[in-house]
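Enquirer: Sequence lines, in order, name chains A and B.
UniProt numbering applies: residue 1 is where the first sequence begins, and numbers increase by one.
UniProt numbering applies: residue 1 is where the second sequence begins, and numbers increase by one.
Quick caveat, the hints were computed from the structure, so don't treat them as lab data.
Just to be clear, a hint being listed does not mean it is correct.
Unchecked claim - For lysine to any residue, the following SDA-like pairs were computed, each having C-alpha atoms within a straight-line distance of at most 25 Å:
1. B:Lys55 <-> B:Asp80
2. A:Lys10 <-> B:Glu56
3. B:Lys55 <-> A:Val7
4. B:Lys55 <-> A:Lys45
5. A:Lys40 <-> B:Phe30
6. A:Lys45 <-> A:Thr8
7. B:Lys40 <-> A:Val70
8. A:Lys40 <-> B:Met1
9. A:Lys45 <-> B:Thr69
10. B:Lys45 <-> A:Glu77
11. B:Lys55 <-> A:Lys55
12. B:Lys55 <-> B:Ile78
13. A:Lys55 <-> B:Lys45
14. A:Lys10 <-> B:Glu31
15. A:Lys10 <-> A:Gly29
16. B:Lys40 <-> A:Thr69
17. B:Lys64 <-> B:Val7
18. B:Lys45 <-> A:Lys45
19. A:Lys64 <-> B:Lys57
20. B:Lys45 <-> B:Ser26
21. A:Lys64 <-> B:Asn73
22. A:Lys10 <-> B:Thr69
23. A:Lys40 <-> B:Gly32
24. B:Lys57 <-> A:Ala35
25. A:Lys64 <-> A:Glu77
26. B:Lys45 <-> B:Glu56
These figures come from a predicted structure and were not determined experimentally.
There are 2 protein chains.
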Amino acid sequence: MHARIFVTLKNGVLDPQGQAIEGSLSSLGFEGVDAVRQGKIFDVKLDETDHEVAKEKLAQMCEKLLANTVIENYSIEIVD
Amino acid sequence: MHARIFVTLKNGVLDPQGQAIEGSLSSLGFEGVDAVRQGKIFDVKLDETDHEVAKEKLAQMCEKLLANTVIENYSIEIVD
Numbered sequence: 001m002h003a004r005i006f007v008t009l010k011n012g013v014l015d016p017q018g019q020a021i022e023g024s025l026s027s028l029g030f031e032g033v034d035a036v037r038q039g040k041i042f043d044v045k046l047d048e049t050d051h052e053v054a055k056e057k058l059a060q061m062c063e064k065l066l067a068n069t070v071i072e073n074y075s076i077e078i079v080d
Numbered sequence: 001m002h003a004r005i006f007v008t009l010k011n012g013v014l015d016p017q018g019q020a021i022e023g024s025l026s027s028l029g030f031e032g033v034d035a036v037r038q039g040k041i042f043d044v045k046l047d048e049t050d051h052e053v054a055k056e057k058l059a060q061m062c063e064k065l066l067a068n069t070v071i072e073n074y075s076i077e078i079v080d
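Next up, chain A with everything else stripped away, as it sits in the complex:
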């Protein structure tokens, strides 16, 4: 089973990297960009067939390692 985990900064948390990208896009001549925020994806191949069990396992991985839940949100999508 292939799952994709999205980890993004919570609203209100400063994102200097996103701001730098926004500045660079503007320097390159791209107009009309109001905001950029950067996040992470984890593509995980799991040896598990039950979707619910897999989601529970992936949520635990996020809580313990993949996301800093103080400043980040995560969401899980089962791809196949």
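For this one, chain A is given, so just place chain B on it according to the hints.
Expert: Frame of chain A, contents of chain B only:
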């Protein structure tokens, strides 16, 4: 308009960070993880109402700045 850009490593490109995460998950006792690959998300707020125009603009941003197309793939999703 809010768009999300996904940037992931192409198949065959080594991902040491993903491998490190795989190792850490195993150390933490998570079993059955076959592979982890890490990628990036960019959440972009654009001052643009036409979806096709926005997608074209975002693709140019990827080509010029957000993705290294030698080793990375990108995909664009219009969220709202």
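Enquirer: For every hint, state whether the structure bears it out.
Expert: We went through each hint and held it up to the structure:
no., hint, result
1, B:Lys55 <-> B:Asp80, "12 Å, holds"
2, A:Lys10 <-> B:Glu56, "28 Å, violated"
3, B:Lys55 <-> A:Val7, "23 Å, holds"
4, B:Lys55 <-> A:Lys45, "29 Å, violated"
5, A:Lys40 <-> B:Phe30, "20 Å, holds"
6, A:Lys45 <-> A:Thr8, "21 Å, holds"
7, B:Lys40 <-> A:Val70, "20 Å, holds"
8, A:Lys40 <-> B:Met1, "21 Å, holds"
9, A:Lys45 <-> B:Thr69, "24 Å, holds"
10, B:Lys45 <-> A:Glu77, "23 Å, holds"
11, B:Lys55 <-> A:Lys55, "31 Å, violated"
12, B:Lys55 <-> B:Ile78, "8 Å, holds"
13, A:Lys55 <-> B:Lys45, "29 Å, violated"
14, A:Lys10 <-> B:Glu31, "29 Å, violated"
15, A:Lys10 <-> A:Gly29, "29 Å, violated"
16, B:Lys40 <-> A:Thr69, "18 Å, holds"
17, B:Lys64 <-> B:Val7, "13 Å, holds"
18, B:Lys45 <-> A:Lys45, "31 Å, violated"
19, A:Lys64 <-> B:Lys57, "38 Å, violated"
20, B:Lys45 <-> B:Ser26, "37 Å, violated"
21, A:Lys64 <-> B:Asn73, "29 Å, violated"
22, A:Lys10 <-> B:Thr69, "29 Å, violated"
23, A:Lys40 <-> B:Gly32, "22 Å, holds"
24, B:Lys57 <-> A:Ala35, "15 Å, holds"
25, A:Lys64 <-> A:Glu77, "18 Å, holds"
26, B:Lys45 <-> B:Glu56, "15 Å, holds"
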